[in-house]
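> As a plain string of letters, each chain reads:
There are 2 protein chains.
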Amino acid sequence: MVVHPSILILRPTRLFFLKPSLSLLNRTLSINPQRFSVRCNSSITTESLNSDTNETGRSGSRSAPPAAGTQQKIDVNPPRGTRDFPPDEMRLRTWLFNNFREVSRMYGFEEVDFPVLESEALYIRKAGEEIRDQLYCFEDRGNRRVALRPELTPSLARLVIQKGKSLSLPVKWFAVGQCWRYERMTRGRRREHYQWNMDIIGVADIFAEAELISSVVTFFKQIGITASDVGFKISSRKVLQEVLNCYSISEALFGKVCIIIDKMGKIPIEEIKKELALVQLPGEAIEELLQVLSMKCLTELEEKLGAAGEAVSDLKQLFSLADKYGFSEWIQFDASVVRGLAYYTGIVFEGFDREGKLRAICGGGRYDQLLSTFGGDDIPACGFGFGDAVIVELLKEKGILPEISPHVENIVCSLDRDLQGVAAAIATRLRGRGQSVDLVLENKPLKWVFKRAKRVNAARLVFVGADEWQKGMVGVKNLSTGEQYEINVDELE
Amino acid sequence: MVVHPSILILRPTRLFFLKPSLSLLNRTLSINPQRFSVRCNSSITTESLNSDTNETGRSGSRSAPPAAGTQQKIDVNPPRGTRDFPPDEMRLRTWLFNNFREVSRMYGFEEVDFPVLESEALYIRKAGEEIRDQLYCFEDRGNRRVALRPELTPSLARLVIQKGKSLSLPVKWFAVGQCWRYERMTRGRRREHYQWNMDIIGVADIFAEAELISSVVTFFKQIGITASDVGFKISSRKVLQEVLNCYSISEALFGKVCIIIDKMGKIPIEEIKKELALVQLPGEAIEELLQVLSMKCLTELEEKLGAAGEAVSDLKQLFSLADKYGFSEWIQFDASVVRGLAYYTGIVFEGFDREGKLRAICGGGRYDQLLSTFGGDDIPACGFGFGDAVIVELLKEKGILPEISPHVENIVCSLDRDLQGVAAAIATRLRGRGQSVDLVLENKPLKWVFKRAKRVNAARLVFVGADEWQKGMVGVKNLSTGEQYEINVDELE
Numbered sequence: 001m002v003v004h005p006s007i008l009i010l011r012p013t014r015l016f017f018l019k020p021s022l023s024l025l026n027r028t029l030s031i032n033p034q035r036f037s038v039r040c041n042s043s044i045t046t047e048s049l050n051s052d053t054n055e056t057g058r059s060g061s062r063s064a065p066p067a068a069g070t071q072q073k074i075d076v077n078p079p080r081g082t083r084d085f086p087p088d089e090m091r092l093r094t095w096l097f098n099n100f101r102e103v104s105r106m107y108g109f110e111e112v113d114f115p116v117l118e119s120e121a122l123y124i125r126k127a128g129e130e131i132r133d134q135l136y137c138f139e140d141r142g143n144r145r146v147a148l149r150p151e152l153t154p155s156l157a158r159l160v161i162q163k164g165k166s167l168s169l170p171v172k173w174f175a176v177g178q179c180w181r182y183e184r185m186t187r188g189r190r191r192e193h194y195q196w197n198m199d200i201i202g203v204a205d206i207f208a209e210a211e212l213i214s215s216v217v218t219f220f221k222q223i224g225i226t227a228s229d230v231g232f233k234i235s236s237r238k239v240l241q242e243v244l245n246c247y248s249i250s251e252a253l254f255g256k257v258c259i260i261i262d263k264m265g266k267i268p269i270e271e272i273k274k275e276l277a278l279v280q281l282p283g284e285a286i287e288e289l290l291q292v293l294s295m296k297c298l299t300e301l302e303e304k305l306g307a308a309g310e311a312v313s314d315l316k317q318l319f320s321l322a323d324k325y326g327f328s329e330w331i332q333f334d335a336s337v338v339r340g341l342a343y344y345t346g347i348v349f350e351g352f353d354r355e356g357k358l359r360a361i362c363g364g365g366r367y368d369q370l371l372s373t374f375g376g377d378d379i380p381a382c383g384f385g386f387g388d389a390v391i392v393e394l395l396k397e398k399g400i401l402p403e404i405s406p407h408v409e410n411i412v413c414s415l416d417r418d419l420q421g422v423a424a425a426i427a428t429r430l431r432g433r434g435q436s437v438d439l440v441l442e443n444k445p446l447k448w449v450f451k452r453a454k455r456v457n458a459a460r461l462v463f464v465g466a467d468e469w470q471k472g473m474v475g476v477k478n479l480s481t482g483e484q485y486e487i488n489v490d491e492l493e
Numbered sequence: 001m002v003v004h005p006s007i008l009i010l011r012p013t014r015l016f017f018l019k020p021s022l023s024l025l026n027r028t029l030s031i032n033p034q035r036f037s038v039r040c041n042s043s044i045t046t047e048s049l050n051s052d053t054n055e056t057g058r059s060g061s062r063s064a065p066p067a068a069g070t071q072q073k074i075d076v077n078p079p080r081g082t083r084d085f086p087p088d089e090m091r092l093r094t095w096l097f098n099n100f101r102e103v104s105r106m107y108g109f110e111e112v113d114f115p116v117l118e119s120e121a122l123y124i125r126k127a128g129e130e131i132r133d134q135l136y137c138f139e140d141r142g143n144r145r146v147a148l149r150p151e152l153t154p155s156l157a158r159l160v161i162q163k164g165k166s167l168s169l170p171v172k173w174f175a176v177g178q179c180w181r182y183e184r185m186t187r188g189r190r191r192e193h194y195q196w197n198m199d200i201i202g203v204a205d206i207f208a209e210a211e212l213i214s215s216v217v218t219f220f221k222q223i224g225i226t227a228s229d230v231g232f233k234i235s236s237r238k239v240l241q242e243v244l245n246c247y248s249i250s251e252a253l254f255g256k257v258c259i260i261i262d263k264m265g266k267i268p269i270e271e272i273k274k275e276l277a278l279v280q281l282p283g284e285a286i287e288e289l290l291q292v293l294s295m296k297c298l299t300e301l302e303e304k305l306g307a308a309g310e311a312v313s314d315l316k317q318l319f320s321l322a323d324k325y326g327f328s329e330w331i332q333f334d335a336s337v338v339r340g341l342a343y344y345t346g347i348v349f350e351g352f353d354r355e356g357k358l359r360a361i362c363g364g365g366r367y368d369q370l371l372s373t374f375g376g377d378d379i380p381a382c383g384f385g386f387g388d389a390v391i392v393e394l395l396k397e398k399g400i401l402p403e404i405s406p407h408v409e410n411i412v413c414s415l416d417r418d419l420q421g422v423a424a425a426i427a428t429r430l431r432g433r434g435q436s437v438d439l440v441l442e443n444k445p446l447k448w449v450f451k452r453a454k455r456v457n458a459a460r461l462v463f464v465g466a467d468e469w470q471k472g473m474v475g476v477k478n479l480s481t482g483e484q485y486e487i488n489v490d491e492l493e
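Top to bottom, those sequences are chains D and G.
Anchor point for the first sequence: position 448 equals 448 in UniProt numbering, and the numbering is continuous, going up by one each time.
Anchor point for the second sequence: position 342 equals 342 in UniProt numbering, and the numbering is continuous, going up by one each time.
In case anyone wonders, no lab produced these hints; they're calculated from the structure.
There could be a bad hint or two in this list.
One copy or two, either will do: identical chains are not told apart, so a pair holds if it fits within one copy or between any two.
Claimed, not checked - Straight-line Cα separation of at most 27 Å, DSSO-like style, residue types lysine-lysine; simulated pairs:
1. Lys296 to Lys274
2. Lys73 to Lys165
3. Lys447 to Lys163
4. Lys454 to Lys444
5. Lys126 to Lys273
Predicted model, so just to flag it, every value in this text is computed and none were measured.
Please model the complete structure; the sequences and the hints are all you need to start from.
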């Protein structure tokens with residue numbers, strides 16, 4: 001293995017400035033589950049202040065080499081843009097993932113997963129997507145180009161092709177997996193996030209889109225988000241396609257145009273026009289495109305494109321199904337939505353907060369031609385991705401981020417060093433009945449035990465004292481009612 | 001971003017030989033949950049047969065560049081040494097992880113997680129460990145040396161130092177995380193695995209070790225493994241230490257000696273002796289060391305080292321506690337166990353199958369001085385790691401690998417294209433009651449629906465026909481009893 005002593009080179013100004021502020025921030029901000037993901041952002045802000053350190057790396061990689069005989073000090077923060085999950089943040093993550101899984105289960109989806117490390121080739125598409133520029137890629141020791149997956153859909157497509165005829169269509173799969181993007185760090189943007197995906201493979205009908213949007217709506221309801229908090233902007237890539245068709249624009253250009261259009265609202269409209277002109281779109285087509293993309297009303301679109309085209313009929317079907325499913329109030333037509341992934345071919349949708357404070361909460365659409373770009377036979381498909389970051393921001397905004405406490409059914413201790421083995425035996429007994437036990441592993445005073453019981457939120461304290469134990473009895477205290485009694489150990493349930 | 005056209009260079013012999021066999025294998029082996037992880041191994045065997053391709057990469061990275069106008073064919077297999085988790089394998093993984101979590105909960109441990117991508121510096125120890133040679137490391141775009149974590153303990157230590165005084169000791173944390181090692185591929189060895197870790201930070205007493213071994217025993221019992229299937233070999237690094245002390249061997253050499261000793265049984269004893277001599281261990285010390293390491297009886301060890309030393313007293317205490325906990329029959333003293341990680345300082349243990357067919361199932365020990373190697377203050381600590389691969393092999397060997405079927409409470413369909421919206425409304429209603437529904441999203445014949453119902457293991461079929469629906473009725477068929485009836489949709493529960 002190649003060792004790189006260069007990584008230990010010291011940049012003293014940075015070390016001096018950064019280390020104390022970071023560790024202070026981490027200590028202050030990591031106490032409350034409400035602060036989930038805030039710590040990371042704040043650290044980033046601190047780093048950004050120090051502009052010459054921007055994008056130059058985690059301080060740990062640049063700490064001083066240990067003098068002979070002294071210890072090496074590592075950076076105690078996770079690498080830039082990544083997170084630790086201490087217990088409080090892990091409880092929130094578990095709560096979120098459980099909701100993802102519960103909704104997926106209710107919709108009859110089966111869970112799958114893929115390697116977090118994939119072949120880079122899986123993500124090399126030609127449309128100039130942001131995601132490609134942000135690929136976390138490297139060469140492994142076998143000189144293979146690999147990448148930390150930036151999204152789950154290409155892996156899913158790969159697995160579908162691999163399984164081939166052994167799959168019974170339609171496939172309804174979901175996944176909750178970590179994805180990586182090497183991005184410039186800004187507030188609320190990290191380099192990793194977890195993404196909930198649901199995909200339906202093998203259904204050409206707009207029912208698939210309706211089923212997926214319905215799932216997300218169910219998820220929102222489940223965690224307390226209403227249609228007045230969140231909406232879905234819905235359009236179809238076929239809108240763009242039909243406009244481009246009028247100008248005999250080549251199919252090959254379609255993906256590129258979508259990617260440029262997706263930047264609307266992020267860069268000035270003049271830039272968009274320039275980029276569209278750069279890919280040889282005639283000025284007239286650009287003007288018409290932008291006019292159509294500004295439409296927020298399906299009737300207006302129908303007047304423009306006619307009712308015969310698939311763009312309008314797909315959208316009309318989806319709005320009609322929304323009515324049947326009961327999620328009409330959540331959705332609205334918005335022609336400006338195209339989404340940033342090259343492979344979408346039909347309906348696209350995007351969940352947004354109605355106050356307009358946050359980035360897209362989730363997004364998805366139909367990708368009927370992804371499999372053939374990998375050399376497989378195309379199967380109609382659609383899906384969505386739903387990250388774990390923006391939703392937590394939204395719950396905070398709305399003041400409904402749950403406070404999830406730790407909990408244990410019993411705390412068991414002995415009052416005497418010689419009885420610690422007995423306490424262990426009692427813990428074993430309770431665990432054998434499926435109960436959770438925080439066993440006090442050292443001889444500690446009762447005052448300490450009560451403090452611990454409070455911290456771990458124990459429901460009951462079981463303690464073994466010498467006098468009671470001689471009679472085969474143990475003490476029990478119900479920690480919510482305060483009720484205290486002695487009981488024969490054999491009767492302890 | 002740098003694009004590497006070189007990755008598309010074709011090696012025709014490989015492509016020709018490998019692709020068909022691999023895809024055939026995958027199709028054959030991916031059907032049954034019993035086959036969990038076999039697919040991957042088998043692919044590897046196939047690859048290894050083709051010796052000139054060994055370690056040269058996944059075929060996908062070397063496929064032919066697409067001719068103009070044709071499609072690029074990607075390798076549909078996951079990168080070498082990694083796994084996909086299609087639904088059947090994912091169900092098994094979920095079952096395993098749920099058992100990990102359930103046992104950890106019973107022992108009052110809180111779940112945590114860390115980034116899968118860590119700073120390489122976290123794993124650079126000086127003892128010559130195998131794990132360091134196998135580091136999956138690279139330089140990111142910010143020129144930072146990073147690594148896919150090969151184990152979880154260094155991240156845990158980092159987080160403990162970061163949290164500092166805000167942590168209430170003892171900390172009892174568990175994690176289930178993916179770890180990576182860039183190894184030569186052999187049967188049953190992959191480059192990634194998931195590892196269950198439980199760690200106790202802040203308990204100097206051997207009670208911590210007992211609690212941890214008890215957890216693993218509880219896990220084994222929970223999944224049907226008995227003390228006649230599995231045992232724990234137990235020793236202490238202090239045994240080695242006390243022998244070395246007699247020869248005034250420097251503390252600095254201790255870690256290196258442990259790593260060499262850990263190779264016993266893997267390489268010839270003469271090699272071991274050579275390596276020990278190479279680190280300047282006197283011949284006499286080597287002979288004595290090897291003699292002590294062959295001991296399988298604690299009394300014999302006591303005769304050799306005396307009862308006063310910590311090695312013997314720690315071990316005696318652990319065996320006495322095992323009695324209290326009730327896991328004596330699972331453990332045995334074996335001085336040859338030292339474990340392969342440099343940071344262990346006291347008790348070490350290793351779970352093994354009594355038939356001797358498999359590698360170690362799990363391993364752990366005390367690491368009281370890890371924090372100071374990272375520049376933190378030392379806190380007594382111990383923990384274990386338990387991988388997801390060998391245990392599945394063992395369950396297969398014993399014929400008790402569970403077959404976990406998919407399950408859905410309802411399959412809902414319409415018998416008429418016009419009633420698909422009604423079927424969607426019924427599905428929404430049932431889901432609103434927390435029930436799972438596989439909604440048939442296309443207009444399919446009943447025969448197809450029954451086949452689907454069987455595959456997804458639906459408990460009940462709900463179908464909407466035109467005549468019944470006119471009366472507000474739907475058909476219901478209990479798929480286990482075969483009972484069929486009509487019911488008013490409002491009464492459907």
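> For each hint, tell me whether it holds in the structure or not.
Hint by hint, here is what the structure shows:
In this homomeric assembly, Lys296 and Lys274 come within 27 Å of each other (Cα to Cα) only inside a single copy, at 24 Å, whereas the closest approach across copies is 79 Å. Taking identical chains as interchangeable, the C-alpha atoms of Lys73 and Lys165 lie at most 27 Å apart only when they sit on different chains, with a minimum of 18 Å there against 55 Å within one chain. In this homomeric assembly, Lys447 and Lys163 come within 27 Å of each other (Cα to Cα) only across copies, at 24 Å, whereas the closest approach inside a single copy is 60 Å. Within a single copy, Lys454 and Lys444 get their C-alpha atoms as close as 15 Å, which meets the 27 Å cut-off; across copies the closest is 58 Å, which misses it.
For a Cα distance limit of 27 Å, the shortest separation of Lys126 from Lys273 inside one copy, 20 Å, qualifies, whereas the shortest one across copies, 58 Å, does not.
Taken one by one, the earlier hints all hold for this structure without exception.
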